[in-house]
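Engineer: Let the sequences and hints guide you as you build the complete structure.
4 protein chains.
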Amino acid sequence: MERVAFIGLGAMGRAMARNVQAAGFPLAVYNRTAATAGPFAQAGASVHGTPREAAAAADVVVTMVTDPVALAAVVEGADGAAAGMGPGQVLINMSTVSHEATLTTAATVQKVGAAFVDAPVSGTVKPAEDGTLVVLAGAEAADLERVRPVLEAMGKEVVHCGPVGQGTRMKLVLNLMLGNMMQALAEGLSLGKGFDLEPEAVLQALGSGALGAPMYQVKGQAIENRTFAKQFPVHLMFKDLNLVLEAAGETGTPLPQTAATRECFNAAMAQGLGDEDMAAVYKTLRSLAGR
Amino acid sequence: MERVAFIGLGAMGRAMARNVQAAGFPLAVYNRTAATAGPFAQAGASVHGTPREAAAAADVVVTMVTDPVALAAVVEGADGAAAGMGPGQVLINMSTVSHEATLTTAATVQKVGAAFVDAPVSGTVKPAEDGTLVVLAGAEAADLERVRPVLEAMGKEVVHCGPVGQGTRMKLVLNLMLGNMMQALAEGLSLGKGFDLEPEAVLQALGSGALGAPMYQVKGQAIENRTFAKQFPVHLMFKDLNLVLEAAGETGTPLPQTAATRECFNAAMAQGLGDEDMAAVYKTLRSLAGR
Amino acid sequence: MERVAFIGLGAMGRAMARNVQAAGFPLAVYNRTAATAGPFAQAGASVHGTPREAAAAADVVVTMVTDPVALAAVVEGADGAAAGMGPGQVLINMSTVSHEATLTTAATVQKVGAAFVDAPVSGTVKPAEDGTLVVLAGAEAADLERVRPVLEAMGKEVVHCGPVGQGTRMKLVLNLMLGNMMQALAEGLSLGKGFDLEPEAVLQALGSGALGAPMYQVKGQAIENRTFAKQFPVHLMFKDLNLVLEAAGETGTPLPQTAATRECFNAAMAQGLGDEDMAAVYKTLRSLAGR
Amino acid sequence: MERVAFIGLGAMGRAMARNVQAAGFPLAVYNRTAATAGPFAQAGASVHGTPREAAAAADVVVTMVTDPVALAAVVEGADGAAAGMGPGQVLINMSTVSHEATLTTAATVQKVGAAFVDAPVSGTVKPAEDGTLVVLAGAEAADLERVRPVLEAMGKEVVHCGPVGQGTRMKLVLNLMLGNMMQALAEGLSLGKGFDLEPEAVLQALGSGALGAPMYQVKGQAIENRTFAKQFPVHLMFKDLNLVLEAAGETGTPLPQTAATRECFNAAMAQGLGDEDMAAVYKTLRSLAGR
Numbered sequence: 001m002e003r004v005a006f007i008g009l010g011a012m013g014r015a016m017a018r019n020v021q022a023a024g025f026p027l028a029v030y031n032r033t034a035a036t037a038g039p040f041a042q043a044g045a046s047v048h049g050t051p052r053e054a055a056a057a058a059d060v061v062v063t064m065v066t067d068p069v070a071l072a073a074v075v076e077g078a079d080g081a082a083a084g085m086g087p088g089q090v091l092i093n094m095s096t097v098s099h100e101a102t103l104t105t106a107a108t109v110q111k112v113g114a115a116f117v118d119a120p121v122s123g124t125v126k127p128a129e130d131g132t133l134v135v136l137a138g139a140e141a142a143d144l145e146r147v148r149p150v151l152e153a154m155g156k157e158v159v160h161c162g163p164v165g166q167g168t169r170m171k172l173v174l175n176l177m178l179g180n181m182m183q184a185l186a187e188g189l190s191l192g193k194g195f196d197l198e199p200e201a202v203l204q205a206l207g208s209g210a211l212g213a214p215m216y217q218v219k220g221q222a223i224e225n226r227t228f229a230k231q232f233p234v235h236l237m238f239k240d241l242n243l244v245l246e247a248a249g250e251t252g253t254p255l256p257q258t259a260a261t262r263e264c265f266n267a268a269m270a271q272g273l274g275d276e277d278m279a280a281v282y283k284t285l286r287s288l289a290g291r
Numbered sequence: 001m002e003r004v005a006f007i008g009l010g011a012m013g014r015a016m017a018r019n020v021q022a023a024g025f026p027l028a029v030y031n032r033t034a035a036t037a038g039p040f041a042q043a044g045a046s047v048h049g050t051p052r053e054a055a056a057a058a059d060v061v062v063t064m065v066t067d068p069v070a071l072a073a074v075v076e077g078a079d080g081a082a083a084g085m086g087p088g089q090v091l092i093n094m095s096t097v098s099h100e101a102t103l104t105t106a107a108t109v110q111k112v113g114a115a116f117v118d119a120p121v122s123g124t125v126k127p128a129e130d131g132t133l134v135v136l137a138g139a140e141a142a143d144l145e146r147v148r149p150v151l152e153a154m155g156k157e158v159v160h161c162g163p164v165g166q167g168t169r170m171k172l173v174l175n176l177m178l179g180n181m182m183q184a185l186a187e188g189l190s191l192g193k194g195f196d197l198e199p200e201a202v203l204q205a206l207g208s209g210a211l212g213a214p215m216y217q218v219k220g221q222a223i224e225n226r227t228f229a230k231q232f233p234v235h236l237m238f239k240d241l242n243l244v245l246e247a248a249g250e251t252g253t254p255l256p257q258t259a260a261t262r263e264c265f266n267a268a269m270a271q272g273l274g275d276e277d278m279a280a281v282y283k284t285l286r287s288l289a290g291r
Numbered sequence: 001m002e003r004v005a006f007i008g009l010g011a012m013g014r015a016m017a018r019n020v021q022a023a024g025f026p027l028a029v030y031n032r033t034a035a036t037a038g039p040f041a042q043a044g045a046s047v048h049g050t051p052r053e054a055a056a057a058a059d060v061v062v063t064m065v066t067d068p069v070a071l072a073a074v075v076e077g078a079d080g081a082a083a084g085m086g087p088g089q090v091l092i093n094m095s096t097v098s099h100e101a102t103l104t105t106a107a108t109v110q111k112v113g114a115a116f117v118d119a120p121v122s123g124t125v126k127p128a129e130d131g132t133l134v135v136l137a138g139a140e141a142a143d144l145e146r147v148r149p150v151l152e153a154m155g156k157e158v159v160h161c162g163p164v165g166q167g168t169r170m171k172l173v174l175n176l177m178l179g180n181m182m183q184a185l186a187e188g189l190s191l192g193k194g195f196d197l198e199p200e201a202v203l204q205a206l207g208s209g210a211l212g213a214p215m216y217q218v219k220g221q222a223i224e225n226r227t228f229a230k231q232f233p234v235h236l237m238f239k240d241l242n243l244v245l246e247a248a249g250e251t252g253t254p255l256p257q258t259a260a261t262r263e264c265f266n267a268a269m270a271q272g273l274g275d276e277d278m279a280a281v282y283k284t285l286r287s288l289a290g291r
Numbered sequence: 001m002e003r004v005a006f007i008g009l010g011a012m013g014r015a016m017a018r019n020v021q022a023a024g025f026p027l028a029v030y031n032r033t034a035a036t037a038g039p040f041a042q043a044g045a046s047v048h049g050t051p052r053e054a055a056a057a058a059d060v061v062v063t064m065v066t067d068p069v070a071l072a073a074v075v076e077g078a079d080g081a082a083a084g085m086g087p088g089q090v091l092i093n094m095s096t097v098s099h100e101a102t103l104t105t106a107a108t109v110q111k112v113g114a115a116f117v118d119a120p121v122s123g124t125v126k127p128a129e130d131g132t133l134v135v136l137a138g139a140e141a142a143d144l145e146r147v148r149p150v151l152e153a154m155g156k157e158v159v160h161c162g163p164v165g166q167g168t169r170m171k172l173v174l175n176l177m178l179g180n181m182m183q184a185l186a187e188g189l190s191l192g193k194g195f196d197l198e199p200e201a202v203l204q205a206l207g208s209g210a211l212g213a214p215m216y217q218v219k220g221q222a223i224e225n226r227t228f229a230k231q232f233p234v235h236l237m238f239k240d241l242n243l244v245l246e247a248a249g250e251t252g253t254p255l256p257q258t259a260a261t262r263e264c265f266n267a268a269m270a271q272g273l274g275d276e277d278m279a280a281v282y283k284t285l286r287s288l289a290g291r
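Chains as they are written, first to last, in the numbering used here: chain X, 1 to 291; chain H, 1 to 291; chain E, 1 to 291; chain U, 1 to 291.
It should be emphasised that the hints constitute simulated quantities derived from the structure, not laboratory data.
Among the hints, a few may not be true.
Claimed, not checked - Simulated pairs of lysine-lysine, DSBU-like, Cα-Cα distance not exceeding 30 Å:
| hint | chain 1 | residue 1 | chain 2 | residue 2 |
| --- | --- | --- | --- | --- |
| 1 | H | Lys283 | U | Lys156 |
| 2 | E | Lys111 | E | Lys230 |
| 3 | X | Lys239 | E | Lys126 |
| 4 | E | Lys239 | E | Lys126 |
| 5 | X | Lys156 | X | Lys126 |
| 6 | E | Lys239 | U | Lys283 |
In this text, all values refer to a predicted model and were calculated from it rather than measured experimentally.
Structural biologist: Set out below in structure tokens:
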């Protein structure tokens, strides 16, 4: 069984690493704040002081950090994971970063002779805990097959999106859908309010047929209960919509709906809702309705 | 068991009436073109020459026709259903018509002492055949409870949306969602194309998680296979988006995303795609992308 | 010299009739509230109790009222202008009404043998007083040439837009431009505010070059001084943008920018700004900016 | 009289430098391709081999190049203009570059003790030749007053927009207006076409009143005659709209109209019209109209 190193034990990474460990893979961990590693050690994991040492103790290395800067910090340099790797090993980056950062990291890893798999995920903390993430993999087919058992410990579905970099791009396509669906729901509930329809009736009607995406129930409840504690905050969605429209310009793909959605998230940001859940875009829409 | 009259045996009505008959309700039918009634007669239904006569032979009358003009033709006047109805009977209109037409028809029916239930459906021919429609009911609670068994023969879910007229309005909210989701999918697949992602990979990624609405698979396949045989044609979606935006103006509910979507369907109409399935809006989007 | 009857002496009509009288045309007037006619009588005009009588006393009849209902009231029926007209006479409707109302009124007038000229104007009270309106004429060329001297008493420019009905349509095109330019100015000043640029500097920069439309100075001052006393109120612009988008659907002309602008005016309406000048759309835009 | 050095003799710079020379200022010139300097030399200018030498021979140095890279090339480094400057001298950058590039260049110039004026212009080659540019100046008041005579040789209006950097930002605001007005005109003419109105009638109606911006006549003629030889090409407008929306995100200023306009220019780019004049966005709009 492959030995796995897990680097990055934030809310997402912690849940994912737990599932890897539960599936029986021998685990090595590294985290910037060492305390987080405690429970993993108790369950038999080895704990390391640098990404390099954790990587050296494994066959497959998983990175799950917050952004390109954090990714570079754990992969590049003398103490980075790449310094502890070589031929026969694979690094799977599951952090969501830009296409450019993905290619840069891949190059660093491939330079020492190891393989690289680009594998951001769709889903937030709950699916991470339940092992029901959707894994968006960009990799050579052989590399993906090799690490598939590790990925399947974390996600219910592994989608092969193409070579390295295509996982990152697929993530952007899904976030385009997510942002537009969030806005569609906000507009539907807002018109429902104008029509004196109860939100729960709208959600019931929406839940049963061909339109019934699971997210509508979660985000609809948030709107109905006015609880906008963040799962996926407005500011991250705004960042992603900007990346989507930038890519739309570079690839010659006009996206008129996404452009309208982006301005609503821009307004939500400007109205101070950046740290609330993206469902708060409903508040922005209602401010336009004068109520 | 309530005796049911079914008026309007088009593609939708036919499938729905079949499920009512299969559930054991004694059936009376009327259709403009009498031949369609044949199979129902063979299965024991009485066939009538006018809506009035069919209605007079039943406790519960269902109308399922194409538009407000057709609805008036089967309900109003000397041979209309209302002329054959009185206290103790209920007319359920399941055709999708305007809010105004719903209220007009309700008034005609209530004038003769009968009850009225506003019950458009969400779903097309396949769910109608499978009895899995979502019924959007606007009615007094007691009237709805009385006819619920009949409605449940046709749909897997009956949503009580409020008093008469609210079913029609809920239908408009769902079509707002449907149109925006269709456009979101078209934009997602278009960006996917710009990224060299295979459509089937996008659909796989989309199908598995919180974004996975069933319609995406159906419409996504249509786009991937370039088969735009109509299920829900562009021209009907365009008509509904116009009704939505008109209502948005009357109720003071700004809908920026829907407005952007409406212009794409306007373009699809102008490009001659009105009779194709609404998934053809993807072609319009690609024409903007120069390919 | 043609004898002119002027029907409708509101703020616009009064100013226009004064210029006709000043140009030496013998004047007959009718107004619902008779008092308004006083100053015209003192200057030599005949005052009449019905539109029919005023029309009968003239060669050229001008109608300038607020909407299609008011227009029908002064043209149709036993006391309407048409009842006092016949061959050799011309009715010029200068009120802004729908294309449909224009054709209906034209038919009524033509039925009694008189000619009809469709001639809405671009410009508000100030240009009406100064005789600098732009007249948008839809008429047969011969009819237009005959009444041109009367029109030139009211406007500095008479544009022949085509046959009857085309004046009304041109008015809609100009209002599409007006609404979009108002929104463009609001967005420009809003970004200017985000950039800490003084509004007067923006207006100075805007006033001098190829972008320098006179309206920007007027509306820009309104925004800078926060004085939104109505000249052209939000609710009329919203009505016109709805007519524009309806026509855009009927003629197959997608208008993505106008659709975005319409939603901003929809929001301004919903926020209670309907009776303020259209420049108040700036307030709506700033509410989106959280300030 | 101030001695002026002019660096950058492209189509714009050449025309501007000619007006400076014609106004009697002693001129020093530098251009990458020396041949262009010929006519200036014949009229008495000194010609220099590096920006440094040209700058050293003047009191006021003007840079007019195509982008931030070209600007850095003529200002920074051992042969750059800054290397030839010191206290008592002023560098006026009239090139349109990013806000960031403006601040970087200013810092370089101020480091050697010279003053910096940020002064992009509104207007293209024709106004540059006629000396009717609008100069958008970001500078300390005293610096601006000192160089005002030089700027007034090139432009009919000098707008003081605030400190260094504010000229560049004002340029972005004007380009927001320009892009949106171009799109508004395209939509107006497109609806006019749907209405069977002649373009020249629309332009006549538009030219006379409060909406009459000079650019409409120029761009309207281009559309009417289908001559899209570039003055201000689609790709530059697309670049500027991207900068505007990026700034809109950074400053919390939602711009829904501009977002819709940007997607139309994105489509024009994707349809291969990038090198045509921005008026070609009309073609994109008509492609949406199926004609």
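Engineer: Is the straight-line distance between the alpha-carbon of lysine 111(E) and that of lysine 230(E) 30 Å or less?
Structural biologist: Violated. Lysine 111(E) to lysine 230(E) sits at ~39 Å, over the 30 Å cutoff.
Engineer: Keeping to a limit of 30 Å between CA atoms, is the pair of lysine 239(E) and lysine 126(E) held or broken?
Structural biologist: It holds: about 22 Å lies between the C-alpha atoms, which stays within 30 Å.
Engineer: Does the alpha-carbon distance linking lysine 239(X) and lysine 126(E) stay inside the 30 Å limit?
Structural biologist: 48 Å, violated
Engineer: Against the 30 Å threshold, does the CA-CA distance of lysine 283(H) and lysine 156(U) hold or violate the hint?
Structural biologist: 49 Å, violated
Engineer: Is lysine 156(X) within 30 Å of lysine 126(X), Cα to Cα?
Structural biologist: The given pair, whose Cα atoms are some 13 Å apart, holds under the 30 Å limit.
Engineer: Against the 30 Å threshold, does the CA-CA distance of lysine 239(E) and lysine 283(U) hold or violate the hint?
Structural biologist: Roughly 28 Å separates the two Cα atoms, so the pair holds.
Hint compliance for this structure: hints 1, 2 and 3 are not met, and every other hint is.
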